[in-house]
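Chemist: Since chain A is already given, all that's left is putting chain B on it; use the hints.
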Amino acid sequence: MKQLVALILCLVAATASADPVGRVLDSHVLPGFARLAKETASLAAAAEVGCDERDPDLRAALNGALRAWAGVSHLRFGPTEAENRAFALAFWPDSRGMTPKALAGLIAAEDPVVRDAQTFAQVSVAARGLYALEFLLYDEDPAGSDAYRCALIRAIARDSAGLAQAMAADWHDRYAALMRAPGPDSPYRSQDEAMQELFKALGTGLQITADLRLGRPMGTFDKPRPKRAEAWRAGLSLSLVIAALNSQKQLALMLAEGDAGLQERLGATFDRALASAAALDDPALAGVATPDGRVRVEALQQRVNEIRELVAQELGPELGVSAGFNALDGD
Amino acid sequence: MTTRRGFLVGLAAAGLTPRASWADAGAPAFLSAGRAADGSYNLYGLDTDGRPLFQLPIPDRGHAAAAHPERAEAVAFARRPGRFALVLNCVSGAEIARLSAPEGRHFYGHGAFDAEGRTLFTTENDYEAGQGRIGLWDASAGYRRIGEFGSGGVGPHDIRLMPDGKSLVVANGGVETHPDTGRVKLNLPVMQPNLSYLSLTGEVLEVAQMPPEHRMNSIRHLDLRADGLVAFAMQWQGETSDLRPVLGLHRRGAPPIAVTGPEAEMRAMSGYGGSVIFYDGGRRVAVSSPRGGLVQLSDVATGRITGEVAITDVCGLGVTGGALVASSGSGVFTRVGGEVASRSAIAWDNHLVAVNGG
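Heads up: the protein sequence lines correspond to chains A and B, in order.
Numbered per the numbering used here, the first sequence spans residues 1 to 331.
Numbered per the numbering used here, the second sequence spans residues 1 to 358.
Excised from the complex, chain A in its bound form:
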């Protein structure tokens, strides 16, 4: 019996390593989007129950949805991007302050688009999705009537759930199969290309965490920008950094499968960054406004950049990603 179990385990392991893309899909991508769909469905349900901005259940549901998004926000290709879904679900960063303006416009006009899901899908992406909802739930000076804001909150929550559901379904029903079976009918000509797409997603995700999630509020030493932190109103900025790092650690370890040494180095480097984040005790990254706090956020950013370095220097070559002087420059 023991031998049989061992034999089955060996077979499973052999199948797994022969299909690294499938493993990433089954253990990382599909569960991540299923979770996003579930959390946003809970958010929509919570908004139906109570649409008061300060409702703790509603706020908790938004937090859950934002964390679930942070866990897949690096997977911005295929179904995530199709039909502008990611732009509509996660309009961040909002470099020109479009979200407050777009929401104020809807509220001032009591725009009837909120009544119907299909028409609501036509409004500016700046007024849709989880970050628009965060603005409404934490707006210190809410405008308009309670009834309209309630309808708007419900419309955004429903729309977000629909977008996440569409992403999850499209990944599950269509795109996963295309990644599993590279060839003429797939966007990927080979398994290597599919692995490289996942590698690129990891690199982009780490860059977003270092340069946007942390770098944007840091601004410059003379001009820190705490109000540019992701979801600072909800006090979730650091928590989203941690959610993203945890998810990207899982992906990195899977991409390094077969090289135990590299896996160990990657794990240790991610753990150093996660420990640095856990020790930060600065939920909205507001500390960037003080010299001490900024140094600590900068240290965390440095830890994330160390992961990027290791990923580019060691994991990239292992997956056949070469670093051309011009090809990787992008200008």
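No lab work stands behind these hints: they were computed from the structure.
Take the hints with a grain of salt, since some may be wrong.
[As the list claims (entries may be wrong)] In the DSS-like style, the derived pairs of lysine-lysine whose C-alpha atoms are separated by at most 25 Å in a straight line are:
id	chain 1	residue 1	chain 2	residue 2
1	B	K185	A	K249
2	A	K223	B	K185
3	A	K200	A	K101
4	A	K227	B	K166
5	B	K185	A	K101
6	A	K38	A	K223
7	A	K249	A	K200
8	A	K200	B	K185
Modeler: Only chain B this time, still in chain A's reference frame:
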């Protein structure tokens, strides 16, 4: 003993620089930024075979350059989001001027002179406003900053003087970036590139946009034909699996058109047009893709792709003696579709800049 270089530098310091011509600089055919084998960055003057005639050190990785129409002066731009550009005397090697982007601005890596070489125009980012600007520098008075105007869009990149000598064409890439966040793209959900035609005093004469499905196709690099036809290279910011052209053509007063061909050939460019150039007397146009490792050739009259040549990490394109040439990040300088003209240990950066006085 006075060395020639020391003597010239002394003259430059005294404001007595002889007006060296491009012939004095060895009559280079092209300028190119590059990285030497020791890791240092330089601006190079190249002969028609891509062999360096001179090299002038620059402090960081370069991008493109602007060659003065008459004097042997080149403006070497830092790679974006750089804050510096060096004006170099290509005979003596002396630094004639150092352009520093004003407070709140950075360069994008490209610039153009007016026909007489009196004014230099540079593409810049007003990054707090997220708006493109064109900086004006007086090339006849030590490259003093003399003004600026709007670029007609966001993220201006390449800029050229139109053949009429009275207007500029600017590739507004549409992508907003901020130096605090490096090269991260901040506005993809709402980006909108365009080609803007501006008078030399900044009036917007015409703005051309591709149809809505190309909203995420960032217009970055340009070439002009003598009759004013503009070729523009684009970089797709959307899904890699989307099929989008990397090359377009535009004539003022008409809508822009995309250069297209069989799906496989379009896909091979990886949605990324690097440099673009007219050749064969303007009958044909080439666009490079470092990501695809290809130079794609097209017929201008039909707007159709006619062929491609594979060159690893290719980007810079030029025309010399009627022949299309290409430079690459692996140091190869080649006649496209023909023989390798030279190999070097220098990694050639994105663009070959033609020296008209050469």
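Chemist: Are the hints correct? Go through all of them and say.
Modeler: Hint check:
This hinted pair checks out: B:K185 and A:K249 have alpha carbons roughly 24 Å apart, not beyond 25 Å. Proposed proximity of A:K223 and B:K185 is supported: the alpha carbons are some 20 Å apart, at most 25 Å. Among the hinted pairs, A:K200 with A:K101 is inconsistent with the structure: their alpha-carbon atoms are about 34 Å apart, more than 25 Å. Restraint check for A:K227 and B:K166: not satisfied, since their Cα atoms lie roughly 45 Å apart, outside the 25 Å limit.
Between the alpha carbons of B:K185 and A:K101 the distance comes to roughly 21 Å, so the proposed pair stays at or under 25 Å and holds. At roughly 39 Å between alpha-carbon atoms, A:K38 and A:K223 are farther apart than 25 Å, so this suggested pair is violated. Simply put, A:K249 and A:K200 have alpha-carbon atoms about 14 Å apart, close enough for the 25 Å limit, and the pair holds. A distance of roughly 16 Å separates the Cα atoms of A:K200 and B:K185; the hinted pair therefore holds under the 25 Å criterion.
Of the numbered hints given earlier, the model fails hints 3, 4, 6; all others are met.
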